[in-house]
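Engineer: Sequential numbering from 73 applies to the sequence shown in the numbering used here.
A couple of the hints might just be wrong.
With beta-carbon atoms standing in for the labels, derived distance ranges [what the hints assert, rightly or not]:
| hint | residue 1 | residue 2 | range |
| --- | --- | --- | --- |
| 1 | 79 | 156 | 27 to 33 Å |
| 2 | 138 | 73 | 33 to 39 Å |
| 3 | 173 | 85 | 31 to 37 Å |
| 4 | 173 | 115 | 35 to 41 Å |
| 5 | 114 | 138 | 26 to 32 Å |
Hints are computed from structural coordinates only; laboratory data are not their basis.
No residue lacks a Cβ here, since even glycine has one placed at the ideal position from N, Cα and C.
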Amino acid sequence: QVQFVESGGGLVQPGGSLRLSCVASGFTVSNALMGWYRQAPGKQRELVASLTNDGRSDELSDFWKGRFTMSRDNTKNTVYLQMNSLKPEDTAMYYCARLQYDDTWGPGTQVTVSS
Numbered sequence: 073q074v075q076f077v078e079s080g081g082g083l084v085q086p087g088g089s090l091r092l093s094c095v096a097s098g099f100t101v102s103n104a105l106m107g108w109y110r111q112a113p114g115k116q117r118e119l120v121a122s123l124t125n126d127g128r129s130d131e132l133s134d135f136w137k138g139r140f141t142m143s144r145d146n147t148k149n150t151v152y153l154q155m156n157s158l159k160p161e162d163t164a165m166y167y168c169a170r171l172q173y174d175d176t177w178g179p180g181t182q183v184t185v186s187s
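Whenever a hint applies, use it, and build me the whole structure from the sequences.
Structural biologist: Right under this line is the structure:
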């Protein structure tokens with residue numbers, strides 16, 4: 073059974089950083105195309121970054137370019153999202169996912185950027 077457990081969110085001031093973690097089970101992250109999504113209140117869920125199985129991290133929008141980077145630890149079957157220079161607009165619930173599959177979403181982790 074595929075499962076995701078996200079953690080690492082919290083309250084951070086504008087300009088701060090956070091590293092989110094996602095422990096996956098039921099498959100091997102190094103063999104999958106992985107992504108991080110976020111969903112702000114009243115908005116649709118959107119993909120913010122992806123990581124190919126050869127370790128290439130893609131940020132999918134100029135809005136996030138240079139600020140969000142994905143990585144993984146194969147020994148822990150975990151993917152990460154390093155977020156720098158956070159803005160209030162980054163406030164959202166963040167989820168990881170295996171792209172191109174219709175897996176059940178994990179609980180997510182809340183990121184709040186506020187002074």
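Engineer: Work down the list of hints and note, for each, if the structure agrees.
Structural biologist: Going down the list of hints, with the structure as the test:
no. : hint                  : result
1   : 79 / 156: 27 to 33 Å  : 18 Å, violated
2   : 138 / 73: 33 to 39 Å  : 36 Å, holds
3   : 173 / 85: 31 to 37 Å  : 36 Å, holds
4   : 173 / 115: 35 to 41 Å : 23 Å, violated
5   : 114 / 138: 26 to 32 Å : 27 Å, holds
The structure fails hints 1, 4 (numbered hints given earlier, in ascending order).
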